[in-house]
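Protein chains in written order, with the UniProt record's numbering: chain A, 1 to 267; chain B, 1 to 267; chain C, 1 to 267; chain D, 1 to 267; chain E, 1 to 267; chain F, 1 to 267.
Calculated directly from the structure, the hints in this document are not laboratory data.
What you are looking at is a predicted structure, and each value in this text was computed from that prediction instead of being measured.
Incorrect hints may have been included.
[To be verified] Take a look, some chain C residues computed to stay more than 10 Å from chain B by CB distance:
(1) R17
(2) T123
(3) G135
(4) R139
(5) L194
[What the hints assert, rightly or not] Here chain A is said to cover these stretches of chain B; the calculated rule only asks that three of the stretch's residues, wherever they fall, bring their Cβ under 8 Å from a Cβ of chain A:
(6) 39 to 48
(7) 87 to 99
(8) 220 to 230
(9) 247 to 259
[As the list claims (entries may be wrong)] Capping the alpha-carbon separation at 30 Å, the derived lysine-lysine pairs in DSS-like fashion look like this:
(10) K162/B <-> K162/C
(11) K134/E <-> K134/F
(12) K134/C <-> K56/D
(13) K56/F <-> K233/A
(14) K134/A <-> K162/A
(15) K56/E <-> K134/D
(16) K211/E <-> K162/D
(17) K134/A <-> K134/F
(18) K162/E <-> K134/E
We put the beta carbon where it would ideally sit given N, CA and C, even for glycine.
There are 6 protein chains.
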Amino acid sequence: MNDIIDQYRVTQEPYYRPVADEVELFEAAYSVRMPMMLKGPTGCGKTRFVEYMANKLGKPLITVACNEDMTASDLVGRFLLDAQGTRWQDGPLALAARHGAICYLDEVVEARQDTTVVIHPLTDNRRVLPLEKKGELLRAHPDFQIVISYNPGYQSLMKDLKQSTKQRFGGLDFNYPERGIETEIVAHETGISLEVAGKLVSIAERSRNLKGHGLDEGLSTRMLIYAGSLIAKGVNPISACRVALVRPVTDDPDMRDALDAAVATFF
Amino acid sequence: MNDIIDQYRVTQEPYYRPVADEVELFEAAYSVRMPMMLKGPTGCGKTRFVEYMANKLGKPLITVACNEDMTASDLVGRFLLDAQGTRWQDGPLALAARHGAICYLDEVVEARQDTTVVIHPLTDNRRVLPLEKKGELLRAHPDFQIVISYNPGYQSLMKDLKQSTKQRFGGLDFNYPERGIETEIVAHETGISLEVAGKLVSIAERSRNLKGHGLDEGLSTRMLIYAGSLIAKGVNPISACRVALVRPVTDDPDMRDALDAAVATFF
Amino acid sequence: MNDIIDQYRVTQEPYYRPVADEVELFEAAYSVRMPMMLKGPTGCGKTRFVEYMANKLGKPLITVACNEDMTASDLVGRFLLDAQGTRWQDGPLALAARHGAICYLDEVVEARQDTTVVIHPLTDNRRVLPLEKKGELLRAHPDFQIVISYNPGYQSLMKDLKQSTKQRFGGLDFNYPERGIETEIVAHETGISLEVAGKLVSIAERSRNLKGHGLDEGLSTRMLIYAGSLIAKGVNPISACRVALVRPVTDDPDMRDALDAAVATFF
Amino acid sequence: MNDIIDQYRVTQEPYYRPVADEVELFEAAYSVRMPMMLKGPTGCGKTRFVEYMANKLGKPLITVACNEDMTASDLVGRFLLDAQGTRWQDGPLALAARHGAICYLDEVVEARQDTTVVIHPLTDNRRVLPLEKKGELLRAHPDFQIVISYNPGYQSLMKDLKQSTKQRFGGLDFNYPERGIETEIVAHETGISLEVAGKLVSIAERSRNLKGHGLDEGLSTRMLIYAGSLIAKGVNPISACRVALVRPVTDDPDMRDALDAAVATFF
Amino acid sequence: MNDIIDQYRVTQEPYYRPVADEVELFEAAYSVRMPMMLKGPTGCGKTRFVEYMANKLGKPLITVACNEDMTASDLVGRFLLDAQGTRWQDGPLALAARHGAICYLDEVVEARQDTTVVIHPLTDNRRVLPLEKKGELLRAHPDFQIVISYNPGYQSLMKDLKQSTKQRFGGLDFNYPERGIETEIVAHETGISLEVAGKLVSIAERSRNLKGHGLDEGLSTRMLIYAGSLIAKGVNPISACRVALVRPVTDDPDMRDALDAAVATFF
Amino acid sequence: MNDIIDQYRVTQEPYYRPVADEVELFEAAYSVRMPMMLKGPTGCGKTRFVEYMANKLGKPLITVACNEDMTASDLVGRFLLDAQGTRWQDGPLALAARHGAICYLDEVVEARQDTTVVIHPLTDNRRVLPLEKKGELLRAHPDFQIVISYNPGYQSLMKDLKQSTKQRFGGLDFNYPERGIETEIVAHETGISLEVAGKLVSIAERSRNLKGHGLDEGLSTRMLIYAGSLIAKGVNPISACRVALVRPVTDDPDMRDALDAAVATFF
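Using the sequences and the accompanying hints, generate a full structural model.
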């Protein structure tokens, strides 16, 4: 059984560059096992942060990429059939609750609003998970914590968390790191010079100003790292930016020209 | 079999601070096994109340967090396959009816309107649950009672209980406790001083006045307890309120500023 | 096999107070095995009436609370897997048809319109039920009768019975009993005095005048019995009416005040 | 195997009173195995006609009440699991095609338009039914014929047969029989006098003039037989008409009064 | 295994009267295994043509009547359970690809647009079918060809083939044959005289002018053959046309009268 | 196990004519295992390009034609039942990740937006695939890369990739090759002369100018190759163009005439 949980241990410290007091606040929240909600745009480091914290706290981390087809059974578990008949298979949420892992539900608004209801009994002082099909009332391990992420920009009337879910979580805001830190991150992750990394960050800043004016979302730190990696492999920076930054974010010819021009300005 | 039901016993008296005659009314309702409906906003103590009553009455409590994907089989039970062939597994409603537990259907409006129909034969004088797949007409244990909760604020034309369901229940209104009691509760549950708890309640009161004016729901007692827990752990009260009170309830920058200002007023 | 059907016998005569010639008409309808449709508002006694008739006629009664998720297999039956392979399990409709029970489909409009089509071959002179999955053409037992209920008030364009279904049934109208009879019923069922019961009926009459003017449905006889039961247990009549009559039927503050005022008038 | 098909034989000649040349036309159509479509309002005798023809032609009759949830597998067949593994179970359409029965799909427009596509290969000169799951191309028995019914009055843009389906069938129109014949039928089926039967027919004629003016459908011959049966059992004719004719067809108070008045005119 | 495919051989040459160069074009297309799309109204001979070509080319023909409920597994195959565990069962598409048959998807627009995507890898130069559930990459037999039919008249925004599907097929237009040929076909298939067949064709021509002016579709050659068959059996031509031509295509009284008048003109 | 993956090796170098620096950019992207997105119209060579690259890089290629009914299990894998109980079957994505193949998701926008979420953990630095049903956290083989294609022309509000998906990919634009290259490709693939191939390209160019003016999509290179193949088999060029170019792309008579005229201009 420990084998199953051990594969979820974050054994190498992930590179994470704190931007404010988020590490301390998360530690305090963990100390009272407060369920946490990480809010921010795509690719700004929420997933990396939770990996960093799992490593720092020495707890296994079970990540679930949420999606609309996810059923309660996908989270909680199900019976499987084998030679001896049926055998219960814990889902990721039950696994985390039973073994004291941090369970990270990524992009939780993608899940059907009502599926998220199954986490409720784990988020108040009961800290239980009813495995109704198994007839077991699973009491969460003392180390268990639940963390969710979501991107407020996607939120619509149709897809938002219910207040009765939101009010069960503490919240931390995330955003793209400020210029100096982001430059450092890009250089560190790709091996390119701070100067070239700074140019990539400048392009990203321009794109972020276009958010809501033809772009759904600005360029993320993750994309800058992709571009930097290509440059580090010897690809011409303009081609690298075309492939890794511009083509992925837009199909609109005008917007593409505007971003290509921004690339040309810096390289 | 008793093992299964015993895990649902509420062995420790939960902390509950009565606000009116709700305890006596519930006892009277239980004495005639009247099905009960607890109405009120999220996080005001409905779940805690039913745990308190289950402990007081000495009955096991089986809680079901309702959701739209819940089928009648999830409530009633199903056949599972094992080495000897199929084996019937009572669902939570059948389990409660058979063993004389209180069955608490939390946020019942989330369930599909027509799924709730399966509770009808348990809520009139027949007190039976037809397990059609099993060919059994389960007569409820004399101790069995059914309790549902719902939040009238969520109610819409699309999602409301049918009159033929509502009329099968007695109703109790819940709301946030009045100032003095709520302060006591927050202090008791977190260990912070009455003075600090009072400040948190003041912030909550401001937020509740904003309900319908940019906030879907005011801050709940449960959230104040989260904030108090962080403060008790040494977190700066302003940070604690940001994490536990403001960030979870709103993504709107103006509303966030208004709530942050309220926090700054008191701390 | 008889064990299965015997559990559906109504061994104790249920208390039922006839209001017109409905008992005689039902007996005549049963004598020619005419399928019957009981029409009327929720909680006015349709279910009790069919139990009374089943007892009077000495036939078992199988009741099915219809819902939108009910499939044809839920009514007709299915194969279950056990150690010897699959085994056929009659559904409630097949069980009733095979053993000569009265099959009562409660709130039949809730079922998907087309699911109700499976009852057609049982409602004309063929009186057969094709169990297509089993390859059996089940000929109904001579004692079998089918009874459905529905509440015309719920009926909409989306959810009504098809004419080709309706025309297969005889119809009986039900309504709340007239004042004197309803008072008697409430007193008989709860043990309170005729005077107090009369006050409850007066409150109900007021509410029934509000139907369509802010109330979806008036207070039912069943609710008066709930209120009376609380009063009989010593609960203050005003509290009893609040819990059992007013809170369940409305969330609208004005309507609640109007009903509370009606309660105050009589108690 | 013959046992299975023998239960579908129509061993007693059903009472059927021809109204025109429909019997001869159907015999000619059967002689070339032309698929047939019976069109007409509910309760006018389409089902009885096909039973009569099956008896006259000496062929088994397999009737399927179509509905929206019917899948192609429900018609064609499926694998069932038993102790020796899976076993193929012919659906009613395959059973009829294999053994040379008449397959009658009642109210075929209720089936999903595209499910009806599975009958196509049986309705052109190929006369085959691909049992794709079984890997068998079933060639229809020479005696096999397919018959469908539908009620043009129900037809809408959403629910009509496709032209590519319609064009595979010959068509016969049905309607309520003319006065003299209908009176005879009602008297014959119930044992009441021709005079009383004539009164019932008169009431039906009035109701049929109201079709489209507040009534979805006029009173059918089948309903008159229900009313007559009650009268034959000694029920007062006015009560019998109320139960068997008026209550089933309308919930509208004005229409009910109009029909009750028509009843009062004749009885 | 050959038994399975042999039942799909078209051993008798079907009667087919070419109208242009469609036979030669199809042969050329087959010689390069170009996937083909047959376009034209219902009942004009598309299915007959593909049977004729399969016989001429000496290849087995597997026909699938497409419908909206058809899943990718229905085309590709699935695991079935038997005594030895699961056993793979090729679907019709896999069967055809494996054994070198012509696979004919009739009325392909009825299938869900995205289900048709499974045929893509078979329609470009890869000619493979990934059986993902089986973990097999099935390479098509050199003789395999895919043919689809569709009726452009049914096409709507909701139900059309995607360009990325259409562009994978060559196209052949079909229509009702011209007068002389159609008369020959009807006489040949039914045994009636050329004179009577000519009258039936004249009626069809009138109906085809009404397409889009009250008729969804004109009378097809297939319907004329039905009418001719009844006449050959001795049915009065006017009755035969009523049953086989007029009643199936319309429920509109005016249109029915117009068509009945056309019949009366010629007979 | 190697047998399973070996069938996905591209052993013959596919014919591919580079149009710009796409080969080098893809190699660089592969060297850092950057997930790639190929954008462009149908039939312009995206699939051929990825086969060419898989052959050049010496990696197996697993292609998945995405569709709306594809579930996460179709990508990730599922338990199958056999004689020894259940056995895990890797889906194509798990297979590719486990064995180091390139996984190509063709027309990824066809998949449900949220199903695509399952690829997220494989597209950031974690490079893992949680097989939740199996309780395994699959770490991708170092050779594994994910490639997706999509056609921006199809994109709509309803069906577009989420930014949080897009930002995980580098992007390469594809289009029809320029005149000279396209002529070469058509001649090479069909064996017709450069002159005839050039005429086909001229027809295609005209059609591409009609895109958005009555045509959804211009003629693709793939269609020109179909037409050329028929010509090489001796079919008259005008007939070949009718069958392979004009009939497949349009049902509109005016557009068909315009394209037929374009064909007549060149042949």
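Item to check | Hints not upheld, ascending by number | outcome: none
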